[in-house]
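**Student:** Sequence:
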Amino acid sequence: MINSKTNLKKYFLPVYVVWVFIIPTVIILLQLNLTKGENSLFTNLDWNRVPAIYASFGVVWPISIFIFPAFYYSYAKITNYSFIEALSNFDDPQARLMIFTTIMSFIVWIAPLIHLGIAFSYHKKFLEKENNTEIKWIDYFGGFI
426 MINSKTNLKK
436 YFLPVYVVWV
446 FIIPTVIILL
456 QLNLTKGENS
466 LFTNLDWNRV
476 PAIYASFGVV
486 WPISIFIFPA
496 FYYSYAKITN
506 YSFIEALSNF
516 DDPQARLMIF
526 TTIMSFIVWI
536 APLIHLGIAF
546 SYHKKFLEKE
556 NNTEIKWIDY
566 FGGFI
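Numbering (the numbering used here), first residue to last: 426 to 570.
The reader is advised that the hints may include incorrect statements.
As the list claims (entries may be wrong) - The list that follows gives simulated cross-link-like pairs (lysine-lysine, DSSO-like), each with its CA atoms no further than 27 Å apart: (1) K554 / K434; (2) K561 / K550; (3) K554 / K430; (4) K550 / K430; (5) K435 / K561; (6) K502 / K430; (7) K435 / K554.
To be verified - Per label pair, the in silico range of CB-to-CB distance: (8) N432 / I503: 42 to 48 Å; (9) V484 / E510: 32 to 38 Å; (10) L512 / I560: 40 to 46 Å; (11) N557 / P476: 27 to 33 Å.
What the hints contain is simulated information worked out from the structure, not anything from laboratory work. Note that this is a predicted model, so its numbers are computed, not measured. Cβ coordinates follow ideal geometry from the N, Cα and C atoms, glycine included.
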């Protein structure tokens with residue numbers, strides 16, 4: 426059994442730090458985009474909720490992955506379109522808004538997972554090089570326990 430906990434900060438801290446800021450920022454911008462009217466950013470945003478959004482979706486971003494489908498349903502309710510309906514009604518600004526928010530939400534949902542997978546892959550290669558042996562994925566993940 427190998428110890429997979431070697432050099433964790435070097436490989437996994439950048440993943441966490443990058444997405445701790447990107448995910449909440451995109452969520453705030455998408456919500457502002459959906460609720461914008463004639464108000465500006467500073468009058469339309471409840472600034473008291475911004476720290477809570479960063480705490481909920483930034484600090485605990487792995488948990489936020491499970492919440493993103495709820496965002497899709499809220500976008501559908503606000504715009505009165507599903508994603509498929511929005512594609513067929515592209516001339517309507519609400520439909521374009523639904524398409525944009527859905528694509529951005531999907532990117533913010535899947536990109537951290539891809540980034541984490543890449544970090545696992547590079548960390549595994551680092552451990553293989555350090556131990557001078559090939560490590561199976563089951564042994565690699567078992568090394569965390």
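**Student:** Hints first: check each against the structure and report whether it holds.
**Tutor:** Verification of the hints:
1. K554 / K434: holds, 18 Å
2. K561 / K550: holds, 11 Å
3. K554 / K430: Since the Cα atoms of K554 and K430 sit roughly 15 Å apart, the hinted pair holds (cutoff 27 Å).
4. K550 / K430: holds, 13 Å
5. K435 / K561: This hinted pair holds, its Cα atoms lying about 21 Å apart.
6. K502 / K430: violated, 44 Å
7. K435 / K554: holds, 15 Å
8. N432 / I503: 42 to 48 Å: holds, 44 Å
9. V484 / E510: 32 to 38 Å: holds, 35 Å
10. L512 / I560: 40 to 46 Å: Given about 44 Å between the Cβ atoms, the range holds.
11. N557 / P476: 27 to 33 Å: The hinted range 27 to 33 Å is violated for N557 and P476, with Cβ atoms some 47 Å apart.
Against the hints set out earlier in the document, violations occur for numbers 6 and 11.
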